[in-house]
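Participant: Protein sequence lines correspond, in order, to chains W and C.
Residue 65 in the numbering used here sits at position 61 of the first sequence; the count goes up by one each step and never skips.
Residue 122 in the numbering used here sits at position 118 of the second sequence; the count goes up by one each step and never skips.
Source of the hints: derived by calculation from the structure; they are not laboratory data.
It is possible that some hints are incorrect.
Where chain W lies over chain C, by a calculated footprint (3+ residues, C-beta under 8 Å) [claimed, not checked]:
| # | region |
| --- | --- |
| 1 | 57-71 |
| 2 | 130-144 |
Which residues of chain W face chain C? A few of them, derived with a C-beta cut under 8 Å, are [unchecked claim]:
| # | residue |
| --- | --- |
| 3 | Arg39 |
| 4 | Ala41 |
| 5 | Arg68 |
| 6 | Gln109 |
| 7 | Tyr129 |
| 8 | Glu145 |
Here are a few chain W residues that face chain C, going by a calculated C-beta distance under 10 Å [what the hints assert, rightly or not]:
| # | residue |
| --- | --- |
| 9 | Glu27 |
| 10 | Ala28 |
| 11 | Glu32 |
| 12 | His139 |
| 13 | Leu143 |
C-beta: ideal position from N, C-alpha, C; glycine also.
Protein chains: 2
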Amino acid sequence: MAAPLHVSFLGDDRGEWRVVRQEAVVGEDLAPVARVAIEEGAEPQTRRNGAEAWILRGVTGHQRYVERREAEALRAVQAGLGRAEATCAALIPIRKSSAWWELAQDERRAIFEERSQHIAATLRYLPAIARRLHHARELGEPFDFITWFELAPVDVPRFDELVGLLRATEEWRYVEREVDLRLMREQ
Amino acid sequence: MAAPLHVSFLGDDRGEWRVVRQEAVVGEDLAPVARVAIEEGAEPQTRRNGAEAWILRGVTGHQRYVERREAEALRAVQAGLGRAEATCAALIPIRKSSAWWELAQDERRAIFEERSQHIAATLRYLPAIARRLHHARELGEPFDFITWFELAPVDVPRFDELVGLLRATEEWRYVEREVDLRLMREQ
Chain W
5 MAAPLHVSFL GDDRGEWRVV RQEAVVGEDL APVARVAIEE GAEPQTRRNG AEAWILRGVT
65 GHQRYVERRE AEALRAVQAG LGRAEATCAA LIPIRKSSAW WELAQDERRA IFEERSQHIA
125 ATLRYLPAIA RRLHHARELG EPFDFITWFE LAPVDVPRFD ELVGLLRATE EWRYVEREVD
185 LRLMREQ
Chain C
5 MAAPLHVSFL GDDRGEWRVV RQEAVVGEDL APVARVAIEE GAEPQTRRNG AEAWILRGVT
65 GHQRYVERRE AEALRAVQAG LGRAEATCAA LIPIRKSSAW WELAQDERRA IFEERSQHIA
125 ATLRYLPAIA RRLHHARELG EPFDFITWFE LAPVDVPRFD ELVGLLRATE EWRYVEREVD
185 LRLMREQ
């Protein structure tokens with residue numbers, strides 16, 4: 005696993021990804037934006053001169069709940085970001101409640117996988133849907149996690165099925181804020 | 005559990021804690037300093053005008069390996085920081101190897117507790133030794149963890165026994181950098 009990678013998502017009017025839908029699933033929405041830019045590095049470039057409506061920061065890291073056999077299964081099927089055919093994307097920041105963070109590791113794992121099947125349910129949708137998880141809670145951000153997904157237009161219905169499955173789980177009862185942005189790549 | 009707390013440890017010549025010993029246990033040492041100051045908040049105050057030799061930043065967070073029964077056991081015995089009699093302290097930043105971070109959650113947990121008894125061995129030393137763990141890896145810091153300990157002078161030999169136990173574990177084979185600073189409070 006590579007070193008943690010800092011990533012910023014900038015909501016503005018000039019990014020590579022055009023917003024085609026934005027929905028506050030639970031809790032407060034983000035300010036509506038026309039486009040999203042993605043920047044890697046510890047500090048986002050200030051090339052937008054403050055013109056962005058918001059910046060969401062996160063950092064990739066080691067896996068918190070995935071066990072060895074699951075890691076191997078994921079590795080065998082998952083696709084990378086940047087596939088030419090994956091012109092659709094989703095940016096889904098979520099925040100979980102303090103009740104979630106007060107749980108012990110074994111309690112969180114039991115909800116995450118044994119009862120909500122977060123990994124097992126997701127596996128069936130890979131490699132069509134590539135994703136990268138960014139942790140944000142300990143960066144002092146308004147969300148705990150930011151997940152970025154990339155997929156081909158033909159796989160959008162399967163992606164909707166996947167997020168619908170996850171939102172019906174016991175794990176998702178702990179989600180107190182979630183925004184769902186759908187995007188298309190436009191150079 | 006409270007929200008994550010950002011903490012900075014500033015090595016300089018004016019902090020409240022006087023350094024009485026500094027040792028590079030594994031890997032590169034930190035620049036020697038006379039004192040250490042501790043500041044809470046997302047950004048350290050710049051009141052030292054860059055006079056500090058180093059600043060180590062970390063953030064408290066939810067527990068990564070502790071299970072419910074262990075959390076209850078810890079809660080029952082652990083002491084808080086700031087006890088009047090706890091005039092001795094230790095600041096121990098460590099970095100683990102990429103081999104550690106490439107392990108899956110179940111593999112790390114097995115090494116951490118089932119084989120190294122990090123929690124079970126530590127419990128016997130509480131409440132004499134108060135401690136707070138700060139995560140630093142995903143802040144882009146040179147260390148992965150920074151642990152701060154406070155104890156009374158009479159408990160220094162027991163603290164030495166505790167760190168000796170931990171350094172002999174399988175878990176510690178993954179530690180590739182560790183510095184051990186011992187300090188005394190001097191208002």
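Participant: Which of the listed hints are broken here?
Facilitator: 3, 4, 7, 8, 9, 10, 11
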